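Asker: Note that the protein sequences, when read in sequence, are chains A and B.
Using my numbering, the letters of the first sequence map in sequence onto residues 1 to 299.
Using my numbering, the letters of the second sequence map in sequence onto residues 1 to 299.
Derived by calculation from the structure, the hints in this document are not laboratory data.
Model, not experiment: these values are computed from the prediction.
A portion of the hints provided could be inaccurate.
The list treats identical chains as one, so a pair stands whether inside a single copy or across any two.
Dumping the calculated EDC-like pairs for lysine to aspartate or glutamate here, alpha-carbon to alpha-carbon at most 20 Å [stated by the list, open to error]: (1) Lys229 x Glu183; (2) Lys229 x Asp283; (3) Lys77 x Glu27; (4) Lys91 x Glu30.
Number of protein chains: 2
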Amino acid sequence: MKLQSLINQAAEDKNHTVAVAEAEDSEVIEAVTQAVAKNLANFMLFGDRDKILGLLEEKGTHFIHDERIQIFPTNSKLMAAEHAVNAVNLKKANVLMKGNIPTATLLKAVLNKEFGLRTGNVLSHVAAFEVPHYSRLILITDAAMNITPDLMQKAQIIHNSVEIARSIGINTPKVAPIAAIEEVNPTMQATLDAASLTLMNQRGQIQNCIVDGPLALDNAISKLAAKHKGIQSNVAGEADILLVPTLEVGNTLYKSLIYFAGAKVGAVIAGAKAPIVLTSRADTAESKLYSLALAICSA
Amino acid sequence: MKLQSLINQAAEDKNHTVAVAEAEDSEVIEAVTQAVAKNLANFMLFGDRDKILGLLEEKGTHFIHDERIQIFPTNSKLMAAEHAVNAVNLKKANVLMKGNIPTATLLKAVLNKEFGLRTGNVLSHVAAFEVPHYSRLILITDAAMNITPDLMQKAQIIHNSVEIARSIGINTPKVAPIAAIEEVNPTMQATLDAASLTLMNQRGQIQNCIVDGPLALDNAISKLAAKHKGIQSNVAGEADILLVPTLEVGNTLYKSLIYFAGAKVGAVIAGAKAPIVLTSRADTAESKLYSLALAICSA
């Protein structure tokens with residue numbers, strides 16, 4: 001499966017609407033107009049009306065009159081964040097997207113007790129990678145939100161990623177809790193948590209997936225490596241989801257895939273009432289589109 | 001620089017001798033005979049004489065009579081480990097190589113107070129990677145020995161890797177202590193340690209290199225990524241050595257480079273009186289040769 005298939009799937013699912021907080025940014029508008037051109041969703045753009053209109057015009061005058069794009073004027077970044085979040089809260093939109101505001105400002109609105117999007121679950125980052133010469137998409141979680149999740153947070157992070165996997169057609173994803181080794185070692189917390197998560201899955205505490213770890217990265221993604229080490233596991237060599245033990249592992253793996261392996265990626269924040277797209281300036285236009293498609297598929 | 005250049009350099013340096021603990025293993029003998037064929041070093045093979053002779057004959061009868069290969073009969077894995085280590089201790093050899101014995105057995109002999117190879121320094125793993133489409137070798141430390149090194153251990157791990165870098169012609173290596181972000185954050189120990197290591201370098205406590213961190217992986221190895229983020233640093237975008245914060249980060253990055261990025265690697269254990277080669281069965285013959293070459297260069 002390739003990331004392009006997410007764009008195809010998002011285009012098939014109708015009636016999705018993305019609320020963009022502070023859309024007055026050239027790169028954000030680029031992603032919005034590309035998504036509209038591919039008919040992925042409708043967009044509610046919150047921000048400075050005139051600036052947004054100017055940016056839309058740059059991409060093509062027809063976008064100004066496209067009924068799939070609506071503009072909602074706001075006077076500040078905070079107001080844009082709150083109104084975009086509330087649009088999702090009121091079910092006028094089912095995906096939230098960060099525009100030209102700090103992540104913290106958006107998340108503060110997301111966590112607002114009155115109109116926010118909390119569910120009680122941990123919010124976590126789920127990234128879908130297409131790696132050259134590798135046949136299937138690999139989901140990695142959590143490379144951006146949770147620094148050192150504890151066991152129960154890891155269980156929720158798995159749950160969030162499983163929901164995303166199922167939304168893109170991986171019905172019973174195989175989940176590998178990653179560690180440096182395959183054995184349980186009391187000096188390595190990642191291996192203890194991996195063992196507990198595996199058992200929690202066997203006892204039905206983590207559902208709709210097969211969890212088996214600890215696995216080092218090679219044994220999670222290469223059947224040959226797992227066979228070489230004599231590892232018996234339903235997940236080894238065919239993991240769909242890699243649960244990294246810490247944010248540092250996830251962040252480094254994420255960047256290694258992009259910069260060294262030439263991978264493509266789309267990512268969302270899961271665990272709120274609606275998926276959240278947090279693209280950054282460093283992301284390519286292609287990556288932003290994949291993130292939007294992943295969010296729309298999982299909405 | 002490519003890994004092949006290490007083989008060339010090792011072949012130029014004469015009078016190196018590698019002591020192999022328990023050499024009676026087909027893959028070990030394969031690496032030994034390849035190294036001899038390229039004239040990288042002399043070898044002292046400890047183990048079962050008849051088995052070693054049999055394996056040498058399989059690779060070519062001339063190896064049995066090659067004066068660059070000497071066999072020293074031993075009766076057990078422990079004895080092979082102790083004799084190989086003592087050969088280095090007595091300066092009959094200047095590189096130690098693990099054969100068909102558990103790593104723990106070899107390291108126990110290495111740490112023996114009477115004839116072992118301690119220097120008081122931390123032993124650490126240094127891996128030199130050649131990544132496709134990337135112009136220079138990247139050293140990564142520590143992906144295999146130290147689980148969660150503290151600040152002073154990290155300083156020694158840097159020192160060990162700097163010695164290795166200098167031995168292969170990187171005279172003032174640029175060292176990036178890796179974290180998930182570029183800013184100091186009290187909830188992320190890796191960023192605090194990175195800041196301290198940077199200052200220790202500025203105060204002369206870590207020498208013969210330029211340390212600057214915390215840096216996330218992208219900013220350590222891509223000038224464009226660093227520029228995009230506005231990071232001012234002498235190391236950003238051109239790091240020679242990546243100091244990973246934990247073994248889990250290192251192990252996952254290591255395997256990502258091998259399995260996803262198609263990288264080649266050679267690795268040694270540094271910090272003892274002589275470099276130690278700890279290849280495993282999962283390593284390719286090519287990788288074992290690169291490890292031997294790196295050890296010989298740094299001996």
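Asker: Indicate, hint by hint, whether the structure satisfies it.
Answerer: The hints, checked one at a time:
1. Proximity of Lys229 to Glu183 under the C-alpha cut-off of 20 Å is restricted to the intra-copy arrangement: shortest distance 12 Å within a copy versus 39 Å between copies.
2. Proximity of Lys229 to Asp283 under the C-alpha cut-off of 20 Å is restricted to the inter-copy arrangement: shortest distance 12 Å between copies versus 37 Å within a copy.
3. Only within a single protomer do Lys77 and Glu27 lie at most 20 Å apart by alpha-carbon distance; the minimum there is 17 Å, versus 63 Å between protomers.
4. Taking the closest pair of Cα atoms, Lys91 and Glu30 never come within 20 Å of each other, the shortest separation being 25 Å inside a single copy and 66 Å across copies.
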